[in-house]
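Visitor: With the hints as extra help, turn the sequences into a complete structure.
Here is how the chains run, residue by residue.
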Amino acid sequence: MCVIAALGIAGLAGCSSPTSTAPASTTAPAAAATDADKQWTMPNKNQSATRYSAVSEINTENVKNLKVAWSFSTGVLRGHEGEPLVVGNTMFVHTPFPNIVYALDLSKEGAPVKWKYVPKQDPAVIPIACCDTVNRGVTYANGKIFLNQLDTNTVALDAETGKELWKVKQGDYKQGQTVTSAPMVIKDKVISGISGGEFGVRGFVTANDINTGKQIWRMYSTGPEAEVGFPGSVETWKGEEWKRGGGTTWGWYSYDPELDLFYYGTGNPGSWNPDQRPGDNKYSMTIFARNPDTGKAAWAYQKTPHDAWDYDGINENVLVDVNVNGQMRKVLVNFDRNGFSYMLDRKTGELLQANPFVHVNWAKGVDLKTGKPIEDPEKRTSATKNTKDICPSAMGGKNQQPVSYSPRTGFFYVPTNNLCMDYEGVQVKYQAGQPYVGAIVVSKPGPGGNRGEFIAWDPSAGKKVWGIKEELSAWGGALSTAGDVVFYGTMEGWLKAVHAKTGDVLWKFKTPSGIIGNPMTYVGPDGKQYIAVLSGVGGWSGIGVAADMSLEDPTAGLGAIGAFKDLANFSNQGGVLTVFSLP
Amino acid sequence: LVCLTLACPGIVFGQAKPLRVCSDPENMPFSNQKLEGFENRIASLMAKELGTTVSYVWWGQRRGFIRNTMNATLQEGRCDVVIGVPEGYDLVSTTPPYYRSTYVFVYPKGKGISVKSLDDPSLKKLKIGVHLLGDDYTNPPPVHELSKRGVVDNVVGFNTFYSAENPPSTIIDAVASGKVNLAIVWGPIAGYYAARQKVPLELVPVPSGQGDLPFAFNISMGVKKGDEALKARVDNVRRQRSAEITAILKEYGVPLMDAGRTHTK
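Residue numbers (the numbering used here), protein chains in the order written: chain A, 4 to 586; chain B, 514 to 778.
These aren't lab readings, by the way, just hints derived from the structure by calculation. Hints may be right or wrong, so weigh each one.
[Stated by the list, open to error] Pairs of lysine-lysine residues, derived as DSS-like cross-links and limited to a Cα-Cα distance of at most 27 Å, are as follows: (1) B:661 - A:388; (2) A:241 - B:638; (3) A:246 - B:661; (4) A:177 - B:692; (5) A:117 - A:531; (6) B:640 - A:241; (7) B:547 - A:177; (8) A:375 - A:333; (9) B:637 - B:624; (10) A:382 - A:241; (11) B:638 - A:246; (12) B:661 - A:375; (13) B:637 - A:388; (14) A:123 - B:547; (15) B:738 - A:447; (16) A:241 - B:692; (17) B:640 - A:246; (18) A:241 - B:637; (19) B:629 - A:388.
Guide: Encoded structure:
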């Protein structure tokens with residue numbers, strides 16, 4: 004199978020040996036890693052977002068010998084999502100607010116700091132961020148590092164010097180707009196999103212010229228065709244409520260250069276309760292396929308119409324070629340918060356498969372003809388009634404932590420949550436001087452009691468192949484390699500290396516704090532393969548530890564405290580990059 | 514009564530630690546950085562009684578407010594007391610309430626509107642302004658009760674992210690200018706801004722029907738959980754100075770309900 008990744012920066016190495024996808028027994032021989040493979044220049048490794056590296060020095064036999072090569076404190080306490088980049092001999096490390104960027108010189112012993120960029124941001128932006136002050140990383144293109152700051156500024160830095168080349172404000176944090184996601188460069192444009200759906204922020208994506216910062220286009224998730232780049236939104240809202248329609252864009256991007264389409268997901272509909280926004284509320288909870296030059300959408304598929312659970316549909320769309328009923332198809336695969344794994348034809352948006360990858364009970368399935376979920380009305384929430392045992396919880400079957408796909412095994416490697424929730428409209432709450440009685444959301448472990456599981460998923464069969472149960476949620480991303488080793492981090496702080504085919508745990512190391520970031524790999528100037536990961540617990544799941552929240556309140560942090568009240572027994576806060584290699 | 518510094522427990526003469534108040538920098542009539550709000554006034558009164566001064570920790574009062582102020586990670590960032598929270602608000606430890614207010618209907622006087630209940634059939638036709646709280650699908654209780662009654666299409670949301678372009682008065686300004694026919698607003702906000710309009714506005718408490726969510730709430734002061742000593746001192750001032758506190762609330766036009774309760778323990 005040829006992964007589209009190969010058409011991107013990785014060159015054609017990954018495509019040399021087409022195989023069928025389904026059985027774990029078909030294995031392509033490891034192609035020699037190209038120079039592009041040795042680096043890691045964008046958040047999810049390549050434009051297909053596979054997080055697969057063709058580097059194979061570290062393999063299933065020798066990974067047990069992996070040792071810490073060096074480590075680096077980011078100096079920031081809050082939750083560290085995303086991953087560092089490596090371009091040539093330089094590593095770029097980002098932090099949560101205040102969104103520092105460090106350039107580390109890999110050619111020198113101990114990787115000293117080459118430059119450090121500290122943006123000036125008003126601390127008043129901190130309380131606007133919903134779920135900790137995270138940032139999911141920077142991206143690189145044409146000698147520049149691109150950073151999205153929490154206060155919505157997109158910044159281009161000279162990768163060599165750290166000098167600010169341009170800075171563009173995308174939104175206004177005083178209106179609830181923030182940015183936590185990583186940008187993506189497509190051709191000569193940098194694409195950025197926006198966060199703040201819970202405040203009714205109307206989601207959009209923006210393309211800016213990578214050289215000048217000039218805005219090329221902006222397209223919204225909701226509203227008239229001219230502003231969405233696709234018809235059919237306005238009529239799914241009452242009145243003008245699409246103006247506060249949500250559908251924010253805080254996830255990841257992928258790009259198919261052959262079809263010249265990029266893909267991303269939109270979040271939950273605005274701040275009204277579901278009864279107050281009848282209709283499908285398009286295009287919240289939607290996978291968009293857009294042309295990067297015009298912003299116009301080729302298609303849009305809504306996963307959760309008329310959301311009542313906060314199944315914020317921003318998860319990444321991974322571009323792979325998969326055997327579907329005996330036919331190779333160019334598809335995208337999306338493991339959504341709502342618990343379903345979607346497979347769509349990425350040219351047409353045709354829904355090919357939608358299977359639950361975790362325990363799901365809000366819907367019995369998805370009608371492949373209409374694309375609509377077959378809901379259980381008992382599990383639909385309302386502000387005026389209690390709804391118990393909804394699975395998955397608002398935190399999702401999977402949250403923002405990106406999956407990996409190995410063309411060698413044909414499997415996806417998916418960090419999942421095993422969480423369910425209760426909605427109860429009893430608790431007195433308070434905001435902007437106004438008391439009210441809110442639905443409290445209590446997240447709790449799902450069936451089996453473990454709060455997470457790291458699984459291998461066969462996309463052709465649409466089934467789980469193996470799983471490693473985790474005590475806490477698997478909130479960090481995945482990395483797969485040509486050495487058939489898959490890496491992922493746990494909220495306790497373990498970085499684990501597992502066998503790509505069997506799921507056997509081959510090695511693990513306890514990092515200083517819980518891991519909600521994503522492991523990456525590169526080849527250093529010395530020719531050795533390194534594995535790097537940011538630890539530093541926080542994010543939504545770890546907000547209790549990151550923000551020192553009261554553990555007596557199970558509903559704090561939108562139910563995260565209830566689900567993770569014992570996290571402090573495992574992990575304290577603090578951002579550290581740990582880098583590993585073979586001795 | 515002026516509290517002599519020496520008589521105040523826990524305070525060393527000449528070195529009284531300031532009373533650290535967690536407060537919203539831009540949310541009149543409650544508080545602002547110019548100290549114009551009624552909560553600023555009550556904070557000053559309290560500090561004076563405790564023989565000290567007020568120092569503020571400013572933070573937008575929305576999700577994460579207590580987390581980032583009273584419970585802040587760094588000791589230096591913390592504050593001791595919130596002047597207004599609902600009684601029983603479980604992120605803090607609350608004193609007995611010092612006032613009770615209610616959500617109210619706000620509409621122009623003498624313009625043919627006389628809504629007194631959420632069951633009034635005219636609510637299906639009037640353009641109704643309400644606040645959007647920005648708390649995942651949860652909004653003021655009358656808004657949920659309107660949707661239960663099928664009043665949906667004619668409801669307009671107002672953002673509570675305040676700024677120069679969107680001051681807290683926006684929703685009441687919209688009633689006065691006719692942008693909406695009627696608004697349903699929390700009492701203290703309605704009372705303060707209605708009194709500042711050129712056209713006379715009617716404020717009518719929203720009655721709770723059977724099975725409805727509550728629309729009236731008791732408001733207390735809050736301290737960090739477990740800080741019973743400070744709570745006792747704060748509550749002492751609340752009781753001793755209740756007449757002055759009530760006078761401040763009345764000066765700001767806060768619709769007070771069940772006045773007897775504001776003076777009980």
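Visitor: Against each hint, give a clear statement of whether it holds in the structure.
Guide: Outcome of the hint check:
no.	hint	result
1	B:661 - A:388	holds (11 Å)
2	A:241 - B:638	holds (14 Å)
3	A:246 - B:661	holds (23 Å)
4	A:177 - B:692	holds (24 Å)
5	A:117 - A:531	holds (21 Å)
6	B:640 - A:241	holds (13 Å)
7	B:547 - A:177	holds (19 Å)
8	A:375 - A:333	holds (22 Å)
9	B:637 - B:624	holds (17 Å)
10	A:382 - A:241	holds (24 Å)
11	B:638 - A:246	holds (21 Å)
12	B:661 - A:375	holds (25 Å)
13	B:637 - A:388	holds (23 Å)
14	A:123 - B:547	holds (25 Å)
15	B:738 - A:447	holds (24 Å)
16	A:241 - B:692	holds (17 Å)
17	B:640 - A:246	holds (17 Å)
18	A:241 - B:637	holds (14 Å)
19	B:629 - A:388	holds (25 Å)
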